[in-house]
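Participant: Sequence:
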Amino acid sequence: MLRLLVIDGNTSAGRRRIAESAGATPAESYAAVLRAIATNAIVDICTPADGDGTTPQPLDCYDGVAITGSSLNIYQREIESLRQIDFVREVFARGIPMFGSCWGLQLAAVAAGGEVGLNPAGREVAFARKIALTPAGGDHPMHATRDAVFDAPAIHSDIVTRLPQGSIVTARNAMSEIQAAEIRLGRGVFWGVQYHPEYGLHDVAAVIRRYGPMLVTEGFFVDVADLDRYAADLSTLAANRQRRDIAWRLGFGDDIMKESVRQIELSNWIASLVRK
Numbered sequence: 263m264l265r266l267l268v269i270d271g272n273t274s275a276g277r278r279r280i281a282e283s284a285g286a287t288p289a290e291s292y293a294a295v296l297r298a299i300a301t302n303a304i305v306d307i308c309t310p311a312d313g314d315g316t317t318p319q320p321l322d323c324y325d326g327v328a329i330t331g332s333s334l335n336i337y338q339r340e341i342e343s344l345r346q347i348d349f350v351r352e353v354f355a356r357g358i359p360m361f362g363s364c365w366g367l368q369l370a371a372v373a374a375g376g377e378v379g380l381n382p383a384g385r386e387v388a389f390a391r392k393i394a395l396t397p398a399g400g401d402h403p404m405h406a407t408r409d410a411v412f413d414a415p416a417i418h419s420d421i422v423t424r425l426p427q428g429s430i431v432t433a434r435n436a437m438s439e440i441q442a443a444e445i446r447l448g449r450g451v452f453w454g455v456q457y458h459p460e461y462g463l464h465d466v467a468a469v470i471r472r473y474g475p476m477l478v479t480e481g482f483f484v485d486v487a488d489l490d491r492y493a494a495d496l497s498t499l500a501a502n503r504q505r506r507d508i509a510w511r512l513g514f515g516d517d518i519m520k521e522s523v524r525q526i527e528l529s530n531w532i533a534s535l536v537r538k
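Here the sequence shown is numbered in this note's numbering, starting from 263 and rising by one per residue.
FYI, nobody ran anything at the bench for these hints, they're computed from the structure. A virtual CB, placed ideally from N, CA and C, is assigned to each residue, including glycine. It cannot be assumed that every hint is accurate.
Here are the computed lysine to any residue pairs in the SDA-like style, where the Cα-Cα straight-line distance is at most 25 Å [unchecked claim]: (1) Lys520 with Asp495; (2) Lys538 with Pro318; (3) Lys392 with Arg511; (4) Lys392 with Ala303; (5) Lys538 with Met263; (6) Lys538 with Ser283; (7) Lys520 with Ser534; (8) Lys538 with Lys392; (9) Lys520 with Gly448; (10) Lys520 with Ala303; (11) Lys538 with Gly448; (12) Lys520 with Thr396.
Between beta-carbon pairs, the in silico distance windows are [stated by the list, open to error]: (13) Lys538 with Ala410: 24 to 32 Å; (14) Ile430 with Gln504: 20 to 28 Å; (15) Ala494 with Gly428: 44 to 52 Å; (16) Thr316 with Ala494: 35 to 43 Å; (17) Gly428 with Val484: 40 to 48 Å; (18) Glu439 with Ser333: 18 to 26 Å.
Working from the sequences, and respecting the hints, build out all of it.
Facilitator: In structure tokens:
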């Protein structure tokens, strides 16, 4: 039986805000996805941003650690971020396999000596389009069975600007030269992506509604009504996958519509690193 740990990258206030719109905290949603992929897994949650570095079980009891997204900006060096950097360094030191989405990739990069900054290309919203595997990514087990080019759920304005020495970039797109990477530190191995393979359409709709007028101001939607229509389409499609008209209009293929495809990196992480 596997025992997995999910690190929620948000503060307590951030978790509450997300739960109000999405129905669950990021870690709760992430844990549910991991349980669906590894049906025999026990999945625990911890919140090091809160200053409580304890885990439900001793850290060495875990076969793998996954890290959620976050509304924090790591270059602000807030105490909630610094606590997580220390926590991830400890996981690296113990040689426990890690996977991270969005903030998780940024956190592991900084913990291992890399850098993160605001993306000069702007925010990537709802879906990262035309992510392309690098030559190294095409052969990397994290992306096994992935198409060479694909789309994925995403929401971020920060990117990894410099990876630690010895890291491998496995995917990129026009918005970010580092959409996925492998990072090593000491005995530890981390696989991470700038997108969110754990997100379903319901989660993306919640993100759009939560960001609201900010996305209108940034030019992603003409007005709030336009935003509401887009979010409603996502919610409708989440509830009824047979709405091919919506999927066609929004340009969604299997990489978005099929969980088994959307979650490939998570499944491969469990199969290749956690169950090794």
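Participant: For each hint given before, does the structure comply? Return the numbers of the non-compliant ones in rising order.
Facilitator: When the structure is compared with the hints, numbers 4, 6, 8, 9 and 14 turn out to be violated.
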